[in-house]
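Protein chains in written order, with my numbering: chain G, 1 to 403; chain S, 1001 to 1327.
If you are wondering where the hints come from, they were derived from the structure by calculation, not from laboratory data.
You may find that some hints are simply not true.
Each pair of labels, with its calculated beta carbon distance range [said to hold, decoys possible]:
1) G:Val149 - S:Val1025: 45 to 55 Å
2) G:Met127 - S:Ile1160: 19 to 29 Å
3) S:Val1025 - G:Ile226: 22 to 32 Å
4) G:Ala71 - S:Leu1218: 24 to 34 Å
5) G:Asp294 - S:Leu1002: 37 to 47 Å
6) G:Tyr223 - S:Leu1021: 25 to 35 Å
7) G:Lys151 - S:Leu1021: 50 to 60 Å
8) G:Met127 - S:Val1025: 54 to 64 Å
9) S:Val1025 - G:Pro350: 52 to 62 Å
10) G:Arg262 - S:Ile1160: 37 to 47 Å
11) G:Pro143 - S:Ile1160: 51 to 61 Å
12) G:Arg291 - S:Leu1021: 31 to 41 Å
13) G:Pro350 - S:Phe1184: 48 to 58 Å
Pairs of lysine to any residue, SDA-like flavour, derived with a Cα cap of 20 Å [stated by the list, open to error]:
14) G:Lys61 - S:Phe1133
15) G:Lys256 - S:Ala1289
16) G:Lys256 - S:Leu1288
17) S:Lys1059 - S:Glu1028
18) G:Lys61 - S:Leu1288
19) G:Lys256 - S:Ala1040
20) G:Lys61 - S:Ile1144
21) G:Lys61 - S:Ser1132
22) G:Lys61 - S:Tyr1136
23) G:Lys256 - S:Glu1028
24) S:Lys1223 - S:Leu1194
25) G:Lys256 - S:Leu1029
26) G:Lys300 - G:Ser317
Heads up, the beta-carbon is just placed ideally off N, CA and C, and yes, glycines get one too.
Residues per chain, in single letters:
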Amino acid sequence: MAQEINKPRPASPPVGNALFSTTVDEDIEPPLALSYLEDQGDKIYTATQWQLTWWRFRRHKMAMASLWLLAILYLVAIFSEFIAPADPNIYDEKYAYAPPQGIHFIDSSGTFHLRPFVYGLKSERDMETMRMVFVPDEEAMYPLGFFTVGKPTKFWGLFEMDRHLFGPLDPNAAFFPLGGDRLGRDMFSRIVYGTRISMSVGLVGILISLALGIFFGGISGYYGGIWDTIIQRVIEFFRSIPTIPLWMGLSAAVPKEWSPLRMYFAITVLLSLIGWTGLARVVRGRFLSLREEDFVLAAKLGGSSEMRIIFRHMVPSFTSHIIASLTLSIPSVILAETALSFLGLGLRPPVISWGVLLQESQNLRAVATAPWLLMPGLAVVIAVLAFNFVGDGLRDAADPYAL
Amino acid sequence: MLQYIIQRLLLMTITLVAVSLVSFVIIELPPGDYVTAYAATLASSGDSVDQARLDSLRKQFGLDLPIYQRYLKWTWDILHGDFGYSFVWNKPVSELIWERIGLTFAISFSALMVTWILGFLIGVYSAVRQYSFGDYLFTTFSFIGLGIPDFLLALVLLWIGFRYFDTNVGGLFSRDYQTAAWSFAKFVDMLKHLWVPLIVLGVGGTAGLIRIMRANLLDELRKPYVETARAKGVSERRLLLRYPVRIALNPFISTAGWALPGLINGATIISVVLSLPTAGPLLLNALLAQDMYLAASFILILSALTVIGTLISDILLAWLDPRIRYQ
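Throw the hints in and build the complete structure from the sequences for me.
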């Protein structure tokens, strides 16, 4: 898996405004990589480091697109109840393995409808295989709309709400935009609710990793010596053992009778306990290279306390690198959660995460008749790719002075 | 060099002790022990459970000893090749695991080879023909390869095989050879099935290596010495292979160390999906059934062998790259 993500780059040359005063010379082309500054005019002389980082990041088109994608995914995670057209736990045997309904604008007689609609589903016996198959019922047309009134759900478990972002105008119509599962639950709604768990596991897990990584990496890099040796050996230990068997063992030991919430935190903590090593290495590398910088020496001579040197002078100069490597390590947490839940060792139903949803596709026969059971996997791939692109963009932008 | 090797060997010993401790903790974590589970099975099948018998069983397995003595006894037994007893299979663990672990490593190692060869060729191509159509194609491929979890890829391949070719691409042997003893014919049969797990395992690693190889080689190609050599009239091929490729090759050896744990990870999961007769499915079942000695032995041996593999790759790297040796 994508573990080795962030090799510390060589320290940036200590350039300040001096660099820019040379580059504005009429005859000299601005250096290629700094061309992102071209259209900023005089603002570059006063721009903060974050401003420069942002300008540079903006140039990375895939990263920008992915950033939007992530924003959408997190909005979906926050407002799942509103965005999902159906309750993810409502089941209807009648619609077990119902195929995705196409959303149409033109009906079978060729008439165009401004309002999109779906056909109803009816089951028929396939005369060749003698199996029951779903066919669209062209008699029944269910128009769709935005902000429709559907079944009431409890928003964040706090208050009742019956508006949904979209859905059939008739609240009793069958609506399966991505098909139904084994029990006739709406796959789309389940994926939407799964977003909440899967995307937050990544964030929460990485925050714990971050705390551990900064603590141990900081000690290791700032103080060095015997602590550095010990911590580096521990990290090497973690990196040289195969994590999946270990995770499997540890999460199998989490008591099965724990409540979903407790289970969620147990799994997240487990994932981050093993995942902090990469971050610790990045932090250590940064501390090691910054320790030798002149401004640190100056702060020391100026009589700053150790804490002040670390938090006022050193940390701000590598925050952007930390954010980049954080972003790059979120996917591995998401993937690990998905894999564990898929195997039945992570989160368990009734909790809905993408991994839990994929458990259903372990049955090959079910997948053969209902390939849309693999759809949660697509969600995983999209989320992981988006994080990777944003992380890549951030890593390139983290050092806006680099050529 | 000798000093470096001795140093690494010492470190490895410490790591192995740590691995054994972690595995032992995994045995101890679930509530109750071996005998409680045994009693539960007896009770569920209707047999009467006699407390005296349970106590004698506890004594027999040494479960009445304090925890550190149990750990020492467990490791002592392991050093003598006794990994405890599998409760579900009713067999000593050592009879169950070796063939499966062998297959796990065979698959992981072949996947590593495939990864290296493909990663090298494509990486060099992508760097030399930067921004060409092929480069974009492989870049897209490698990003997708990094994003797809391997078990999902396995599922998709299974589904495609089932749906469009009407065959089951899972498994490692045809039905005729499943229980047969090892023979040349069985080996050939295995090779015929091996490509599916190799593709699945190789994609992620290859994608990563392409990225690294491309980036490293690009860095190298921009250096002044390359320009100098070109100015002196060295042919492009010689120019490429003489130094830049050699330097960019380093990560191949150094990544072997961390690629191995990753491959074992992947092999464990995809074996469950593709029902390969490797460590994965047995480990999963052992964990689900709380057959802890079997599970811990798997974790212990897989980790220990990975640690040894990492050591070998470290020594290889030090041998190839003097900068590491003299650090």
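Here is what the structure says about each hint:
1. The given range of 45 to 55 Å is respected by Val149 of chain G and Val1025 of chain S, whose C-beta atoms sit roughly 54 Å from each other.
2. The hint said 19 to 29 Å for the Cβ distance between Met127 of chain G and Ile1160 of chain S, and at roughly 27 Å that hint holds.
3. A beta carbon spacing of about 26 Å between Val1025 of chain S and Ile226 of chain G agrees with the range 22 to 32 Å that was offered as a hint.
4. Range check, Ala71 of chain G to Leu1218 of chain S: Cβ separation about 32 Å, and the 24 to 34 Å hint holds.
5. Checked against the hint of 37 to 47 Å, the pair Asp294 of chain G and Leu1002 of chain S passes, with Cβ atoms roughly 40 Å apart.
6. Between Tyr223 of chain G and Leu1021 of chain S, the C-beta spacing of about 27 Å keeps the proposed range 25 to 35 Å intact.
7. Take Lys151 of chain G and Leu1021 of chain S: their Cβ atoms lie about 52 Å apart, and the range 50 to 60 Å holds.
8. Roughly 60 Å separates the CB atoms of Met127 of chain G and Val1025 of chain S, a value that falls within the hinted 54 to 64 Å.
9. Roughly 30 Å separates the CB atoms of Val1025 of chain S and Pro350 of chain G, a value that falls outside the hinted 52 to 62 Å.
10. A hinted range of 37 to 47 Å holds for the C-beta pair Arg262 of chain G and Ile1160 of chain S, which are about 39 Å apart.
11. Evaluation of the 51 to 61 Å hint for Pro143 of chain G and Ile1160 of chain S yields a failure: the beta carbon distance comes to about 36 Å.
12. With their beta carbons about 34 Å apart, Arg291 of chain G and Leu1021 of chain S fall inside the hinted range of 31 to 41 Å.
13. A C-beta distance of roughly 52 Å is found between Pro350 of chain G and Phe1184 of chain S, which places it inside the suggested range of 48 to 58 Å.
14. Under the criterion of a C-alpha separation no larger than 20 Å, the hint pairing Lys61 of chain G with Phe1133 of chain S is consistent with the structure, at around 18 Å.
15. Between the alpha carbons of Lys256 of chain G and Ala1289 of chain S the distance comes to roughly 12 Å, so the proposed pair stays at or under 20 Å and holds.
16. With a C-alpha separation of about 11 Å, the suggested pairing of Lys256 of chain G with Leu1288 of chain S holds against the 20 Å cut-off.
17. Between Lys1059 of chain S and Glu1028 of chain S the CA atoms are separated by roughly 17 Å; this keeps the pair inside 20 Å, and the hint holds.
18. Annotation: proposed proximity of Lys61 of chain G to Leu1288 of chain S is violated, straight-line Cα distance about 45 Å (limit 20 Å).
19. For the hint pairing Lys256 of chain G with Ala1040 of chain S, the CA-to-CA distance comes to about 17 Å; that is within 20 Å, so the pair holds.
20. A hinted pair counts as satisfied when its Cα atoms are at most 20 Å apart, and Lys61 of chain G with Ile1144 of chain S qualifies at roughly 17 Å.
21. Our distance criterion of 20 Å between C-alpha atoms is met by Lys61 of chain G and Ser1132 of chain S, whose separation comes to about 19 Å.
22. For a cut-off of 20 Å, the pair hint linking Lys61 of chain G to Tyr1136 of chain S stands: about 15 Å separates their Cα positions.
23. Among the hinted pairs, Lys256 of chain G with Glu1028 of chain S is consistent with the structure: their alpha-carbon atoms are about 16 Å apart, no more than 20 Å.
24. Proposed proximity of Lys1223 of chain S and Leu1194 of chain S is contradicted: the alpha carbons are some 42 Å apart, above 20 Å.
25. A hinted pair counts as satisfied when its Cα atoms are at most 20 Å apart, and Lys256 of chain G with Leu1029 of chain S qualifies at roughly 13 Å.
26. Under the criterion of a C-alpha separation no larger than 20 Å, the hint pairing Lys300 of chain G with Ser317 of chain G is consistent with the structure, at around 16 Å.
The structure fails hints 9, 11, 18 and 24 (numbered hints given earlier, in ascending order).
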